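*Asks:* In the order they appear, the protein sequences are chains A and B.
For the first sequence, the UniProt record's numbering assigns the number 1 to the initial residue and increments by one for each residue that follows.
For the second sequence, the UniProt record's numbering assigns the number 1 to the initial residue and increments by one for each residue that follows.
One or more hints might be untrue.
Beyond 10 Å from chain A on every Cβ pair, some chain B residues (computed) [to be verified]: (1) I20; (2) E76; (3) D92; (4) N161; (5) N280; (6) L331.
Distance condition first, Cα-Cα at most 25 Å in a straight line; then the derived BS3-like pairs of lysine-lysine [stated by the list, open to error]: (7) B:K164 / B:K193; (8) A:K114 / B:K162; (9) A:K53 / B:K40; (10) B:K193 / A:K117; (11) B:K316 / B:K187; (12) B:K53 / A:K40; (13) B:K10 / A:K162; (14) B:K117 / A:K10; (15) A:K53 / A:K182; (16) B:K22 / B:K380; (17) B:K114 / A:K117; (18) B:K164 / A:K114; (19) B:K187 / B:K85; (20) B:K10 / A:K114; (21) B:K114 / A:K162; (22) B:K290 / B:K84.
Cβ pair distances, simulated, as ranges [to be verified]: (23) A:N3 / B:K306: 50 to 60 Å; (24) A:S90 / B:D26: 39 to 49 Å; (25) B:N58 / A:N295: 22 to 32 Å; (26) A:L36 / B:D214: 41 to 51 Å; (27) A:D26 / B:D92: 20 to 30 Å; (28) A:E287 / B:D60: 17 to 27 Å; (29) A:M1 / B:K27: 43 to 53 Å; (30) A:L145 / B:S358: 57 to 67 Å; (31) A:R81 / B:K306: 51 to 61 Å; (32) A:D92 / B:N58: 29 to 39 Å; (33) A:I278 / B:L36: 21 to 31 Å; (34) A:M1 / B:G357: 29 to 39 Å; (35) B:D92 / A:H387: 34 to 44 Å.
Treat the hints as calculated values from the structure; they're not laboratory data.
A quick note: this is a predicted structure, and the numbers were derived from the prediction, not measured.
All residues carry an ideal CB built from backbone N, CA and C; glycine is no exception.
2 protein chains.
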Amino acid sequence: MGNLFAERMKSVHKSFIREILKVTEDKNIISFAGGLPNPKSFPVNEITDAVSKILSQNGDEILQYSTTEGYLPLREYIAERYSKKGLKVSADEILITNGSQQGIDLVSKVFLNKGDKVLLENPTYLAAIQSFGLFEPQFISVPLLEDGVDIDSLQRILDENKIKMFYSVTNFQNPTGITYSKEKRQKLAEILKNEDIVFVEDNPYGEIRFLGDDIPPVKAYLEDSVLFGSFSKIVSPGMRLGWIVANEEIMEKIIIAKQALDLHSNYFTQRAVYQYLIDNNIDEHIEKIKDMYRNQRNTMVSMIEKYFPENVEYTKPEGGMFLWVTLPEGLSSMDLFELAIKENVAFVPGQAFYVDGSGINSLRLNFSNSNNEQIEEGIKRLGNVIHELMN
Amino acid sequence: MGNLFAERMKSVHKSFIREILKVTEDKNIISFAGGLPNPKSFPVNEITDAVSKILSQNGDEILQYSTTEGYLPLREYIAERYSKKGLKVSADEILITNGSQQGIDLVSKVFLNKGDKVLLENPTYLAAIQSFGLFEPQFISVPLLEDGVDIDSLQRILDENKIKMFYSVTNFQNPTGITYSKEKRQKLAEILKNEDIVFVEDNPYGEIRFLGDDIPPVKAYLEDSVLFGSFSKIVSPGMRLGWIVANEEIMEKIIIAKQALDLHSNYFTQRAVYQYLIDNNIDEHIEKIKDMYRNQRNTMVSMIEKYFPENVEYTKPEGGMFLWVTLPEGLSSMDLFELAIKENVAFVPGQAFYVDGSGINSLRLNFSNSNNEQIEEGIKRLGNVIHELMN
Numbered sequence: 001m002g003n004l005f006a007e008r009m010k011s012v013h014k015s016f017i018r019e020i021l022k023v024t025e026d027k028n029i030i031s032f033a034g035g036l037p038n039p040k041s042f043p044v045n046e047i048t049d050a051v052s053k054i055l056s057q058n059g060d061e062i063l064q065y066s067t068t069e070g071y072l073p074l075r076e077y078i079a080e081r082y083s084k085k086g087l088k089v090s091a092d093e094i095l096i097t098n099g100s101q102q103g104i105d106l107v108s109k110v111f112l113n114k115g116d117k118v119l120l121e122n123p124t125y126l127a128a129i130q131s132f133g134l135f136e137p138q139f140i141s142v143p144l145l146e147d148g149v150d151i152d153s154l155q156r157i158l159d160e161n162k163i164k165m166f167y168s169v170t171n172f173q174n175p176t177g178i179t180y181s182k183e184k185r186q187k188l189a190e191i192l193k194n195e196d197i198v199f200v201e202d203n204p205y206g207e208i209r210f211l212g213d214d215i216p217p218v219k220a221y222l223e224d225s226v227l228f229g230s231f232s233k234i235v236s237p238g239m240r241l242g243w244i245v246a247n248e249e250i251m252e253k254i255i256i257a258k259q260a261l262d263l264h265s266n267y268f269t270q271r272a273v274y275q276y277l278i279d280n281n282i283d284e285h286i287e288k289i290k291d292m293y294r295n296q297r298n299t300m301v302s303m304i305e306k307y308f309p310e311n312v313e314y315t316k317p318e319g320g321m322f323l324w325v326t327l328p329e330g331l332s333s334m335d336l337f338e339l340a341i342k343e344n345v346a347f348v349p350g351q352a353f354y355v356d357g358s359g360i361n362s363l364r365l366n367f368s369n370s371n372n373e374q375i376e377e378g379i380k381r382l383g384n385v386i387h388e389l390m391n
Numbered sequence: 001m002g003n004l005f006a007e008r009m010k011s012v013h014k015s016f017i018r019e020i021l022k023v024t025e026d027k028n029i030i031s032f033a034g035g036l037p038n039p040k041s042f043p044v045n046e047i048t049d050a051v052s053k054i055l056s057q058n059g060d061e062i063l064q065y066s067t068t069e070g071y072l073p074l075r076e077y078i079a080e081r082y083s084k085k086g087l088k089v090s091a092d093e094i095l096i097t098n099g100s101q102q103g104i105d106l107v108s109k110v111f112l113n114k115g116d117k118v119l120l121e122n123p124t125y126l127a128a129i130q131s132f133g134l135f136e137p138q139f140i141s142v143p144l145l146e147d148g149v150d151i152d153s154l155q156r157i158l159d160e161n162k163i164k165m166f167y168s169v170t171n172f173q174n175p176t177g178i179t180y181s182k183e184k185r186q187k188l189a190e191i192l193k194n195e196d197i198v199f200v201e202d203n204p205y206g207e208i209r210f211l212g213d214d215i216p217p218v219k220a221y222l223e224d225s226v227l228f229g230s231f232s233k234i235v236s237p238g239m240r241l242g243w244i245v246a247n248e249e250i251m252e253k254i255i256i257a258k259q260a261l262d263l264h265s266n267y268f269t270q271r272a273v274y275q276y277l278i279d280n281n282i283d284e285h286i287e288k289i290k291d292m293y294r295n296q297r298n299t300m301v302s303m304i305e306k307y308f309p310e311n312v313e314y315t316k317p318e319g320g321m322f323l324w325v326t327l328p329e330g331l332s333s334m335d336l337f338e339l340a341i342k343e344n345v346a347f348v349p350g351q352a353f354y355v356d357g358s359g360i361n362s363l364r365l366n367f368s369n370s371n372n373e374q375i376e377e378g379i380k381r382l383g384n385v386i387h388e389l390m391n
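Just chain A, with the same shape it has in the complex:
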């Protein structure tokens, strides 16, 4: 069979994180390696009520096949929510996906020919590298600054390359926690307006801003761009519900690709989440998640200040679930990982998030899925092994 595998499978491998997570499944390990929401944030009782309600009222219907686009009232709800956040879209411009990750597959199918140039932030979401990778593009990467993409580098790359697609996580990026400023979003939109480029804005964490003010998505300034959203971080990731926002011309193609892929997303959970949303105050629920994550993030930042050497740099995210650490040049986070595991602490070495092999001295820390006690103890141990590595 081995000789029959497609070319595209040669370039991709099992997720590095996946392999690391296996190492860290041990209950004794304090793990900052995963990317899981805190299960304490799941509205279990409310979901139970919603599910009972829809099953008793419309059982036959919600267990049946449904439309490729997704449940219309749910799409209308999403459109309405965007309008409150400064983005005008219609329900027809929204399609429900099996988690927002599926959006990457769908836009790749719709736009990418083999060898097309896809621009990625450096570093970027690891699973995006894998998902795009299956379409055999040529990856080009652009550096990130504290307030988003480095505009000068971007301009130079655009001048020198015919880029087909630019994929960006604009809020509390996984892995760095970096958020694009409003000015940068506007500047980016201005530049891209004149280019024949598909801008894909992935925004799974946008609702979890626990510090500072919300900023409209780039799509608010760049109509033709594609935007992904998700219920994974505010309701439940196990239900696999995300969405794509795109104009009608693009959406027509996305519908075709989605229909060929899996007919439609899980209708049962679409109905359950919709019922949950209209019967409850989602904003109050999100506030609780924000309080939880803000607290954990603050603990992590203050513990890093206390225990990490001074020449170690780190981001101070205003939302999301991750914090990014940069060791002094010359140090390797893989070496640090080996030492940390011996102390029963885990994280993800940063190199995995780069397509150009750089980032050797960086690492990603997740704060959403550990309590304060674990964070205090884990960061203390990590500080010790960083000191050890530097000596």
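With chain A fixed as given, assemble chain B onto it according to the hints.
*Replies:* Positioned in the frame of chain A, the structure of chain B alone reads:
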């Protein structure tokens, strides 16, 4: 944007069935056009109990992210069920998909390079044509006889072509209702054993055999082949749960592709369906579905005998949801469709299921989603318009 779409999107269009279904949404139309299970077959109360149970016992866990392969006890259940049906597979050889349709995308990703030759039955499942089509293969088609693929034609095609993949629906095929005999399965396996070909066996209807005896899947005779299964026809299609069975070498690649595609299938419904399966007698439930569909199929067959002209041919399926009608040469089922719609009866013209433009005089009738009264009246009207067309 239009100039940025990928090459692959040029070859696919919105589903013809989908467009037809829109026409037939009118409540006054008796529709044999769809492919829906009868909603009366959905175990609404039992699913309600299962969902309440898992939410109260493991709410935090079932709403969280999970593994790419799918819930292990569910995969073990599926493996165990196969072993009772003459197929030995382990849970490690099973991955849960977002409906079995997603299996087509995954095997295409794993095996197909652009231009590879994919062999399809003529006619075949329409959505398979669309799903494979996005990988830009060259389609070759092989005729179906009453007991499965035409072996002579198959042998000739294999001699003359380097076929990469052969996709087959071996039980109660959509659209024809044709089932491979045991002898044909064995013969097919014997031939394919000596070829470097991926045999993909799609089996969404296999559990719904209402006449005759179960026959083991081709995979029972051809270890390296890939098999798809589904809960859509026996529990609920809206929950989008299917699976792929493949050996470990292939499965390793499928896991990579699945992880890149959408991380994992809906965990909430995996747990719900598993709880339903272990708390209930699924075989008793399937018997009820069989009784229902056997009755509807018998009504359709006897009404066709009564109302259709003698020179119209049709299949007499032993299971599944479809029956296939062939009009005398020279007649067009598209013309018949125009006449039928005026009489408020709908079906799917058969040409859509052929990749070579043939099948102009064929049509597909669905019997699972109409009651006996509708079937009697609908077939009567259809008989009238066939007579009209022939005059």
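*Asks:* Next, verify each hint and record whether it holds.
*Replies:* For each hint, the structure was consulted:
For B:I20, the shortest C-beta to C-beta distance to chain A comes to about 14 Å, beyond the 10 Å cut-off, and the non-interface label holds. B:E76, annotated as away from the interface, keeps every beta carbon of chain A farther than 10 Å; the closest lies near 19 Å. Every CB of chain A lies more than 10 Å from the CB of B:D92, the least distance being 15 Å, so the non-interface label holds. No Cβ of chain A comes within 10 Å of the Cβ of B:N161; the nearest lies about 15 Å off, and the non-interface call holds.
The beta carbon of B:N280 is kept farther than 10 Å from every beta carbon of chain A, the shortest such distance being approximately 15 Å. Non-interface status of B:L331 relative to chain A is upheld: no Cβ of that chain comes within 10 Å, the nearest being about 30 Å off. This hinted pair checks out: B:K164 and B:K193 have alpha carbons roughly 13 Å apart, not beyond 25 Å. For a cut-off of 25 Å, the pair hint linking A:K114 to B:K162 stands: about 23 Å separates their Cα positions.
Of the pairs offered as hints, the one joining A:K53 and B:K40 holds, with about 19 Å between alpha carbons and a cut-off of 25 Å not exceeded. A threshold of 25 Å between alpha carbons decides the hint, and for B:K193 with A:K117 the separation of about 41 Å lies outside it, so the pair is violated. The hinted pair formed by B:K316 and B:K187 meets the criterion: a straight-line CA distance of about 23 Å does not exceed 25 Å. A hinted pair counts as satisfied when its Cα atoms are at most 25 Å apart, and B:K53 with A:K40 qualifies at roughly 19 Å.
Only pairs whose Cα atoms come within 25 Å are accepted, and B:K10 paired with A:K162 is accepted, the gap being roughly 22 Å. Distance check on the hinted pair: B:K117 and A:K10 sit about 20 Å apart at the alpha-carbon level, within 25 Å; holds. As the CA atoms of A:K53 and A:K182 are separated by approximately 42 Å, the hinted pair breaks the 25 Å bound. Straight-line distance between C-alpha atoms of B:K22 and B:K380 comes to about 23 Å, which keeps the hinted pair within the 25 Å bound.
For the hint pairing B:K114 with A:K117, the CA-to-CA distance comes to about 19 Å; that is within 25 Å, so the pair holds. Taken as a hint, the B:K164 and A:K114 pair is honoured in the structure, with Cα atoms around 20 Å apart against an allowance of 25 Å. Under the criterion of a C-alpha separation no larger than 25 Å, the hint pairing B:K187 with B:K85 is consistent with the structure, at around 19 Å. Using a Cα cut-off of 25 Å, the hinted pair B:K10 and A:K114 holds, with the two alpha carbons roughly 15 Å apart.
Only pairs whose Cα atoms come within 25 Å are accepted, and B:K114 paired with A:K162 is accepted, the gap being roughly 23 Å. A C-alpha spacing of about 19 Å is found between B:K290 and B:K84, which places the hinted pair at or below 25 Å, so the restraint holds. For A:N3 and B:K306, the hinted distance range of 50 to 60 Å is satisfied, since their beta carbons lie about 55 Å from each other. In this structure, A:S90 and B:D26 break the distance hint of 39 to 49 Å, their C-beta atoms being roughly 25 Å apart.
Checked against the hint of 22 to 32 Å, the pair B:N58 and A:N295 passes, with Cβ atoms roughly 26 Å apart. Between A:L36 and B:D214 the CB atoms are about 42 Å apart, so this pair conforms to the stated range of 41 to 51 Å. In this structure the supplied range 20 to 30 Å holds for A:D26 paired with B:D92, their Cβ-Cβ distance being about 22 Å. Distance hint check for A:E287 and B:D60: the Cβ-Cβ separation is about 20 Å, which falls inside the suggested range of 17 to 27 Å.
For the hinted restraint 43 to 53 Å between A:M1 and B:K27, the CB-CB distance of approximately 50 Å keeps it satisfied. Taken as a hint, the range 57 to 67 Å holds for the pair A:L145 and B:S358, whose Cβ atoms sit roughly 60 Å apart. About 56 Å separates the C-beta atoms of A:R81 and B:K306, a value consistent with the hinted range of 51 to 61 Å. Range check, A:D92 to B:N58: Cβ separation about 38 Å, and the 29 to 39 Å hint holds.
About 27 Å separates the C-beta atoms of A:I278 and B:L36, a value consistent with the hinted range of 21 to 31 Å. At about 33 Å, the CB distance of A:M1 to B:G357 agrees with the hint of 29 to 39 Å. The hinted range of 34 to 44 Å is satisfied by B:D92 and A:H387, whose Cβ atoms lie roughly 43 Å apart.
The structure does not agree with the numbered hints 10, 15, 24 stated previously, though it agrees with the rest.
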